[in-house]
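Here are the chains, one letter per residue:
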Amino acid sequence: MKTMEERSVIHSTFVIERNYPVPPERVFGAFADLTKKRRWFVEGGGHEVEHYELDFRVGGKERARFRFKDGTPLKGIACTNDTSYQDIVPNRRIVFASTMALGEKCISASLVTVELLPSETGTDLIFTHQGAFFEGADGPEMREAGWRKLLEQLTEEFPR
Amino acid sequence: MHRKKPGIDRVFHALGDPSRRAIMEKLSEGPISVSRLADPLDITLAAVVQHLQVLEESGLVQTEKVGRVRTCRIEPAGLSVAEQWIGECRSTWERRLDRLGDLLAEPDERD
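Those protein sequence lines, which keep their order, are chains A and B.
Number 53 in the working numbering belongs to position 53 of the first sequence; there are no gaps in the numbering.
Numbers in the working numbering are just positions in the second sequence, counted from 1, shifted up by 160.
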């Protein structure tokens, strides 16, 4: 009898809070406008941006594809982020579902909620990320690269 | 002696089994002998031994035989592989939200 390949998944939720000294409309605008979103979501140096598109509406998609450069264990491999917008309340709330793939392999899926709350100083942003992290890719590149080294390289690819 | 960090897929596979998670929960209370681990979990000793093998290979637990008793304990370094991967996801978003702050600090361009 053929045994099923064993799969495993880990769930993890994290929350990040930020405060920005501008009104919620400006923060919301940086999520809704492709040119603005690209600047903080996609850019940041290190990796090559191969593709970025944004259709910001309920049911619309965002697609980003990066390729790791020479000198990284994932050299030549594409990292693809696919997002689908679930709920949008202008200037208040954005809910989206996202997957991340390395090469052909999807390695995580998440539900993200962005809440924008007006405050005395501007806007409180609450970012809630509920993720399902799958078994890692089983390609040779992944096996060869020690995960610690991989994560170090990923950090360098997405520098501050 | 440098111990190679176990692959992330090994750790996820190890934690993907409910019996192994139950073993990890029990061990979080403190080290325990293998034979005593089987009783509260209501699984056979043979199954416990197999699960412990998977957990030990993924670096999550450590077992040691002293005399006739094999004791097992959680290996603190093991979970950090999974945590690192999840942590990297969080770090990526923290950097993005920081960059958002930088962008918002610029004067707003009106089209």
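Derived from the structure by calculation, the hints contain no laboratory data.
Cβ atoms here follow ideal geometry from the backbone N, Cα and C, with glycine treated the same way.
Take these hints with a grain of salt, some might be off.
[What the hints assert, rightly or not] Calculated lysine to aspartate or glutamate pairs in the EDC-like style (CA-CA distance at most 20 Å, straight line):
1. A:Lys-36 / B:Glu-254
2. B:Lys-186 / B:Glu-248
3. A:Lys-105 / B:Glu-254
4. A:Lys-105 / A:Asp-124
5. A:Lys-69 / B:Glu-248
6. A:Lys-36 / B:Glu-224
7. B:Lys-186 / B:Glu-235
8. A:Lys-36 / B:Glu-266
9. A:Lys-61 / A:Asp-82
[As the list claims (entries may be wrong)] Far from chain A by the CB rule (all over 12 Å, computed), these chain B residues:
10. Arg-230
11. Leu-257
12. Gly-261
Structure-based check of all given hints:
1. Taking the CA atoms of A:Lys-36 and B:Glu-254, the gap is about 17 Å. The hint holds against a cut of 20 Å.
2. With a C-alpha separation of about 28 Å, the suggested pair B:Lys-186 and B:Glu-248 falls outside the 20 Å cut-off, and the hint is violated.
3. Restraint check: the Cα-Cα separation between A:Lys-105 and B:Glu-254 comes to about 24 Å, which exceeds 20 Å; the hinted pair is violated.
4. Restraint check: the Cα-Cα separation between A:Lys-105 and A:Asp-124 comes to about 35 Å, which exceeds 20 Å; the hinted pair is violated.
5. Between A:Lys-69 and B:Glu-248 the CA atoms are separated by roughly 19 Å; this keeps the pair inside 20 Å, and the hint holds.
6. Taken as a hint, the A:Lys-36 and B:Glu-224 pair is broken in the structure, with Cα atoms around 57 Å apart against an allowance of 20 Å.
7. In summary, the hint linking B:Lys-186 to B:Glu-235 is supported, as the alpha carbons are separated by about 13 Å, within the 20 Å threshold.
8. For the proposed pair A:Lys-36 and B:Glu-266, the alpha carbon gap of about 11 Å is at most 20 Å, so the pair holds.
9. Taking the CA atoms of A:Lys-61 and A:Asp-82, the gap is near 7 Å; set against the 20 Å cutoff, the hint holds.
10. The beta carbon of B:Arg-230 is kept farther than 12 Å from every beta carbon of chain A, the shortest such distance being approximately 25 Å.
11. Against chain A, the non-interface label of B:Leu-257 is violated: not every CB pair exceeds 12 Å, the least being about 5 Å.
12. Here B:Gly-261 does not stay apart from chain A, with its beta-carbon only about 6 Å from theirs, under the 12 Å limit.
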